[in-house]
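Below, each chain spelled out in residue letters.
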Amino acid sequence: MKILLVEDEPALREIIRKFLEKEHYIVESAATFNDALIKVEDYDYDCILLDIMLPDGNGLAVLKHLKTLHKHENVIIISAKDSLDDRVAGLELGADDYLPKPFHLAELNARIKSVFRRSRMNGELFIEAGNIRINPDSHEVLVNGKSIELNRKEYDILHYFVTRRGDLVDKNTLAEAVWGDYIDQVDSFDFIYAQVKNLRKKLTEAAASVEIKAVYGFGYKFIINEL
Amino acid sequence: MKLVYRITIRLSIALLMLMAAWGAIFYFVIIEEINDETDDSLEDYSEAIIMRALAGESLPSNGNGSNNSYYIKSISAEYAAQNSHIRYSDETVYIEVKRETEPARVLNTIFRDGDSNLFELTVMTPTIEKQDLKETVLYWIVALYILLLLVIIVINVWIFHRSFRPLYRLLQWLDGFSVNREPAPLNNETKVSEFRQLNDTVLKNAKRNIEMYEQQKDFIGNASHELQTPLAICQNKLEMLLYDDSLTETQLNEISEIRQTLNRIVKLNKTLLLLSKIENEQFPDKERVSINQLLKSIVDDYAEIYASRSISVSVEEAGEMIVLLNKTLVSVLIGNLLKNAYVHNFDDGTIEISINSTTIVIANTGQEQPLDEDKIFKRFYRNSQRESSSGLGLAMVASICKNSGIAIRYFFRNDKHCFEVRGSDFVV
Chain L
-14 MKILLVEDEP
-4 ALREIIRKFL
6 EKEHYIVESA
16 ATFNDALIKV
26 EDYDYDCILL
36 DIMLPDGNGL
46 AVLKHLKTLH
56 KHENVIIISA
66 KDSLDDRVAG
76 LELGADDYLP
86 KPFHLAELNA
96 RIKSVFRRSR
106 MNGELFIEAG
116 NIRINPDSHE
126 VLVNGKSIEL
136 NRKEYDILHY
146 FVTRRGDLVD
156 KNTLAEAVWG
166 DYIDQVDSFD
176 FIYAQVKNLR
186 KKLTEAAASV
196 EIKAVYGFGY
206 KFIINEL
Chain W
8 MKLVYRITIR
18 LSIALLMLMA
28 AWGAIFYFVI
38 IEEINDETDD
48 SLEDYSEAII
58 MRALAGESLP
68 SNGNGSNNSY
78 YIKSISAEYA
88 AQNSHIRYSD
98 ETVYIEVKRE
108 TEPARVLNTI
118 FRDGDSNLFE
128 LTVMTPTIEK
138 QDLKETVLYW
148 IVALYILLLL
158 VIIVINVWIF
168 HRSFRPLYRL
178 LQWLDGFSVN
188 REPAPLNNET
198 KVSEFRQLND
208 TVLKNAKRNI
218 EMYEQQKDFI
228 GNASHELQTP
238 LAICQNKLEM
248 LLYDDSLTET
258 QLNEISEIRQ
268 TLNRIVKLNK
278 TLLLLSKIEN
288 EQFPDKERVS
298 INQLLKSIVD
308 DYAEIYASRS
318 ISVSVEEAGE
328 MIVLLNKTLV
338 SVLIGNLLKN
348 AYVHNFDDGT
358 IEISINSTTI
368 VIANTGQEQP
378 LDEDKIFKRF
388 YRNSQRESSS
398 GLGLAMVASI
408 CKNSGIAIRY
418 FFRNDKHCFE
428 VRGSDFVV
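Chains as they are written, first to last, in my numbering: chain L, -14 to 212; chain W, 8 to 435.
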């Protein structure tokens, strides 16, 4: 998997590159608009991470250029400018996702995977983990081909874990992803434990081959057990 | 009070005092002059009589049609020694011819004839009635005063309005001035240098205010924007650190805590960015939003969180409130109010939401004292020492309300903290 990282901030570029390489991607990076243009013209990538605020041009122009070249690379916009206009403009120009800075690297990884999955499966959006199969459109969860009943929060938690398998999941980040931005002012996370406990129980009852492991003081880790 | 009224009243009072003083002085001067003239003629008269008396000529008859009268009486030496030889006085005397008493000027002269006999001559002449004079003077002063006043008021108002027109135009312009809007051009040509100076100064200050407001806004916006990248680097470096398998559990926990603190900075920064976006009116798209549905969906999202602290939530719907506003902003507004009601609540507390077609009231239990309404909507005002409170939630609410023309108000009723959001023209 080859990824082009267009980011002008050296420290950020370096850390994202290091992280992606750890995740076994091949990473090329470009620091300027012109650099990025030359790279997309000369090479093919599986995914482009595009910062739209570049010193010598707007990243959105790279998107336009890709279109004129008739290339269909997956593009995820990473931007410090979390404005609705840019988001809409980016997605209209053919970007696949929009990730406002600052973001968690695990989140970036999940988005990259999701983009790949979508392009690979030609719109078929089943996510599989062990013997679990999730349909994100209908919110249906099948274990061994048998449907299990989850409430909305349980489904959201499972979906979050499945798209971040193997990663350490911080309980704050999980709470924010499932309950929204306002969760930061909540002092106790007891309600997460309760929801995760219920989810675990349902998964165990259905004999799912996955495990939500608690990491003391930090959060969780989603592990797929070999059958 | 309008300036023109104040000037008129002050002018009237000054005029009243001036006219009163003028009347009094006028009266005394006239009386003095009349007395002086009368005394002169009495003196001549008395001299003539004394001359005749001493010469032994016949004295003029009393009542010769001149209203003047005289007496001569002989007096003792003691009397002469006791009284001054020439005395003027004002008296009322009975005039036989007219058969009435009248005020008169009287002159007493003591003289001695060739045989050293002492006599006192009293001559008198009726004078004007001073009471009449006083009344007349007063009457005319009052009449003149009123007339003068009317004339002055009319002239004053006319001159005032003509000369102060630039001031009123300036005031009107200032009325419509706001630091967050491009001001309308100030068309206020005038030849008066003071007004020209005032115009220039006001314009200069208005421009400076706008600039300062812009700078402040830009600063907050830029600062929080510039913070994004370094924050992202910190966050991501810490995240990378987590993947290091050689870390002990204690170290992992430490990192987790640092990440949480960092998350709070990121949140704070995002909130400041959002605030500056609201103030820059970067949420122009409006759509129909049902507040009822929005409220219920947020309450639903929060269900587990409320349950974890045994806080009961009730929603009472007396009507549906549909607004034409930016959906993101309305969500932030309602979300922040609900979060506020939750965060500052106690365990086993209640949140009561009542909604009708124009008003939402969110009432929650909490601390027993009412909050200071003037302060709670200010940025970074914190009533409690809660670590997790950013002090920006209600500031954001206030900012959204201000920019969308929504009225928000806080009150304390039945031991509950109530926030009332009242819609007006944006309610569909």
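Since the hints were made in silico from the structure, they are not lab data.
It is possible that some hints are incorrect.
[Said to hold, decoys possible] BS3-like mimics (lysine-lysine), calculated; alpha carbons at most 27 Å apart, straight line:
id, chain 1, residue 1, chain 2, residue 2
1, L, K156, W, K303
2, W, K9, L, K(-13)
3, W, K244, L, K7
4, W, K423, L, K66
5, L, K182, W, K303
6, L, K206, L, K186
7, W, K277, L, K138
8, W, K274, L, K3
9, L, K182, L, K49
10, W, K423, L, K156
11, W, K382, W, K409
12, W, K423, W, K409
13, L, K66, W, K409
14, W, K385, L, K66
15, W, K224, L, K206
16, L, K156, W, K385
17, L, K66, W, K382
18, L, K156, W, K277
19, L, K206, W, K274
20, L, K198, W, K244
21, W, K224, L, K66
22, W, K303, L, K66
Keep in mind it's a predicted model, so treat the numbers as computed, not measured.
Hint-by-hint comparison with the structure:
| no. | hint | verdict |
| --- | --- | --- |
| 1 | L:K156 with W:K303 | 26 Å, holds |
| 2 | W:K9 with L:K(-13) | 77 Å, violated |
| 3 | W:K244 with L:K7 | 13 Å, holds |
| 4 | W:K423 with L:K66 | 40 Å, violated |
| 5 | L:K182 with W:K303 | 26 Å, holds |
| 6 | L:K206 with L:K186 | 16 Å, holds |
| 7 | W:K277 with L:K138 | 25 Å, holds |
| 8 | W:K274 with L:K3 | 26 Å, holds |
| 9 | L:K182 with L:K49 | 48 Å, violated |
| 10 | W:K423 with L:K156 | 33 Å, violated |
| 11 | W:K382 with W:K409 | 16 Å, holds |
| 12 | W:K423 with W:K409 | 25 Å, holds |
| 13 | L:K66 with W:K409 | 24 Å, holds |
| 14 | W:K385 with L:K66 | 26 Å, holds |
| 15 | W:K224 with L:K206 | 43 Å, violated |
| 16 | L:K156 with W:K385 | 31 Å, violated |
| 17 | L:K66 with W:K382 | 31 Å, violated |
| 18 | L:K156 with W:K277 | 20 Å, holds |
| 19 | L:K206 with W:K274 | 25 Å, holds |
| 20 | L:K198 with W:K244 | 24 Å, holds |
| 21 | W:K224 with L:K66 | 16 Å, holds |
| 22 | W:K303 with L:K66 | 31 Å, violated |
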